[in-house]
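Novice: With chain A held as given, fit chain B onto it using these hints.
Chains A and B, in that order, are what the protein sequence lines are.
Take 1 as the starting number for the first sequence in the numbering used here and just add one per residue.
Take 1 as the starting number for the second sequence in the numbering used here and just add one per residue.
Since the hints were derived computationally from the structure, they do not count as laboratory data.
Please note that the accuracy of each hint is not assured.
To be verified - Which bits of chain A does chain B cover? Going by a derived footprint, with three or more residues having C-beta under 8 Å, they are:
1. 29 to 36
2. 113 to 119
3. 135 to 142
4. 149 to 159
Treat the numbers as computed from the prediction; the structure is a model and nothing was measured.
For every residue, glycine included, the Cβ atom is placed at its ideal position computed from N, Cα and C.
There are 2 protein chains.
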Amino acid sequence: MSGFVVWRSAQQDRVEQALSSWVAADVPAGLGLAMRYAVLDGGKRLRPLLVLAAGEAVQGDGAAALRAACAVELIHAYSLVHDDMPCMDNDVLRRGKPTVHVRFGEAQALLAGDALQALAFELLVPDDGSMPPALSAALCRQLALAAGATGMAGGQAVDLASVGLSLDQAALEAMHRLKTGALLQASVMMGAATAQVQAGVTRELSAYGASLGLAFQVVDDILDVTTDSTTLGKTAGKDAANDKPTFVSLMGLQNAQAYADALLDQAHAALNRSGLAHTDTLHALADWVGRRTS
Amino acid sequence: MSGFVVWRSAQQDRVEQALSSWVAADVPAGLGLAMRYAVLDGGKRLRPLLVLAAGEAVQGDGAAALRAACAVELIHAYSLVHDDMPCMDNDVLRRGKPTVHVRFGEAQALLAGDALQALAFELLVPDDGSMPPALSAALCRQLALAAGATGMAGGQAVDLASVGLSLDQAALEAMHRLKTGALLQASVMMGAATAQVQAGVTRELSAYGASLGLAFQVVDDILDVTTDSTTLGKTAGKDAANDKPTFVSLMGLQNAQAYADALLDQAHAALNRSGLAHTDTLHALADWVGRRTS
Numbered sequence: 001m002s003g004f005v006v007w008r009s010a011q012q013d014r015v016e017q018a019l020s021s022w023v024a025a026d027v028p029a030g031l032g033l034a035m036r037y038a039v040l041d042g043g044k045r046l047r048p049l050l051v052l053a054a055g056e057a058v059q060g061d062g063a064a065a066l067r068a069a070c071a072v073e074l075i076h077a078y079s080l081v082h083d084d085m086p087c088m089d090n091d092v093l094r095r096g097k098p099t100v101h102v103r104f105g106e107a108q109a110l111l112a113g114d115a116l117q118a119l120a121f122e123l124l125v126p127d128d129g130s131m132p133p134a135l136s137a138a139l140c141r142q143l144a145l146a147a148g149a150t151g152m153a154g155g156q157a158v159d160l161a162s163v164g165l166s167l168d169q170a171a172l173e174a175m176h177r178l179k180t181g182a183l184l185q186a187s188v189m190m191g192a193a194t195a196q197v198q199a200g201v202t203r204e205l206s207a208y209g210a211s212l213g214l215a216f217q218v219v220d221d222i223l224d225v226t227t228d229s230t231t232l233g234k235t236a237g238k239d240a241a242n243d244k245p246t247f248v249s250l251m252g253l254q255n256a257q258a259y260a261d262a263l264l265d266q267a268h269a270a271l272n273r274s275g276l277a278h279t280d281t282l283h284a285l286a287d288w289v290g291r292r293t294s
Numbered sequence: 001m002s003g004f005v006v007w008r009s010a011q012q013d014r015v016e017q018a019l020s021s022w023v024a025a026d027v028p029a030g031l032g033l034a035m036r037y038a039v040l041d042g043g044k045r046l047r048p049l050l051v052l053a054a055g056e057a058v059q060g061d062g063a064a065a066l067r068a069a070c071a072v073e074l075i076h077a078y079s080l081v082h083d084d085m086p087c088m089d090n091d092v093l094r095r096g097k098p099t100v101h102v103r104f105g106e107a108q109a110l111l112a113g114d115a116l117q118a119l120a121f122e123l124l125v126p127d128d129g130s131m132p133p134a135l136s137a138a139l140c141r142q143l144a145l146a147a148g149a150t151g152m153a154g155g156q157a158v159d160l161a162s163v164g165l166s167l168d169q170a171a172l173e174a175m176h177r178l179k180t181g182a183l184l185q186a187s188v189m190m191g192a193a194t195a196q197v198q199a200g201v202t203r204e205l206s207a208y209g210a211s212l213g214l215a216f217q218v219v220d221d222i223l224d225v226t227t228d229s230t231t232l233g234k235t236a237g238k239d240a241a242n243d244k245p246t247f248v249s250l251m252g253l254q255n256a257q258a259y260a261d262a263l264l265d266q267a268h269a270a271l272n273r274s275g276l277a278h279t280d281t282l283h284a285l286a287d288w289v290g291r292r293t294s
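Same shape as in the complex, but just chain A:
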């Protein structure tokens, strides 16, 4: 196994254990069970891995990075729970399991998502003195901006409004830079925030995160038409069925693949420009995003 595969597996286990300890089961009326169902045993943990790898690249505070990694994943998990609900994408399959509202009912799914968002911020402000308040505040701000109306939630609103419309590539990119890009980019930047770094480094890491975030979405659109639901662990062919514009519907499959490759090249180039010594894992994560099959 390559060093990256060993690292990735070890970090995924760390994140899983941390999430399991922080998303408590003993919360009123089954809410904790619904929250744990939404969060545990699933997903590639790409966002936490980006936080941790960026934290390592800047040689930052490891304990803070783990909290940030889990906070970002909680935001991602809550967005999936709400996105799958009948009034949104009405999806029944996620990470190979029935979606949260199918398993626990719509009302509990709504509340579980809401509570997961609150818990994400709670993780960033521990009361045990383990995180400097200035870092807590900076991370809370980055996460709030990435999750809210000028980030993920705003992108979802644009996505809703774009069903059946013929977006051009610029509009499609603008939507995805918010919907999935903001949180992926924030993952890199929150990792970077665990150390003091120069503005030039921050700028290049931000460019890396933006390119990787968009590449992730282009690959997602490719997988949606080339891979079956069982492999994906979620419903395949959904975008076409919902008449949603995608990079594949706009550019064709071959051009979309070439575009993903070009974006990942940009991500690698930004890392190289950063001058950071320990970027192997961030490079490997970009390769992983490009080569993923689910």
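Specialist: Chain B alone, transformed into the frame defined by chain A:
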């Protein structure tokens, strides 16, 4: 007009203006409009008033208190948007207007609520140097705990699970201490956090907030059976129609009124024990909660 009425009206205007500037309209795809609809021109602003009055009582940082006041109101507003949705209470009237999902559709209501929660945390971590990071972190932690699974969202889950059950008074109180009490109490405590105060003062303000929070709910249950929908600005008689246990169904109207009065007496007594010099407004807010008619 009494000094309190003048203060209340002036602070309600301040909060309205601050919310109007912070909940921006120019957010993608109509999401900003839905968020503003959910937040502006409505409600008594009890939670912001509690933050501001507690801030004044401890002679705290006024600018920070205004941000905290608005943050708490955004959490309250998002909870109403989600609570009114068809999968929860399925309500069509709120503050005398059609509910957000009726006006903007369910998907947009879901997103608007989600984005309002993120914005609440964003308000607490300004990037203009106007709030000390330690205060930002403390306020974020208080808000996250009050809003999440061990606070408001947890209380809503208990509420969902209690429909049709015959809760006893202790169970009903435990539910309401989470569902509405946690955020009301946090409002007081976040105001208090804008200054350094002694532990004894914090303890008494916490007791004030807890008693006032529970009294608020008892009065709510009383108004639900004694007041019409037009006066309330929301659907009256809803709890009985939904077969939900209330303080009135459990204790009878007269005992419920006596209980509300006793709780407010406890709130006044806690303030008196605090030793703070400037508690007139907090006393007046407790009276206002007891005497409100909508």
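Novice: Each hint needs a verdict: does it hold in this structure or not?
Specialist: Taking the hints in turn, this is what the structure says about them:
1. Counting residues of the segment 29 to 36 of chain A whose beta carbon lies closer than 8 Å to any beta carbon of chain B gives 5, which reaches the threshold of three, so the coverage claim holds.
2. Counting residues of the segment 113 to 119 of chain A whose CB lies closer than 8 Å to any CB of chain B gives 6, which reaches the minimum of 3, so the coverage claim holds.
3. Counting residues of the segment 135 to 142 of chain A whose C-beta lies closer than 8 Å to any C-beta of chain B gives 5; at least three are required, and the coverage claim holds.
4. Counting residues of the segment 149 to 159 of chain A whose CB falls under 8 Å from any CB of chain B gives 9; the rule of at least 3 is met.
Consistency note: the structure conflicts with none of the earlier hints.
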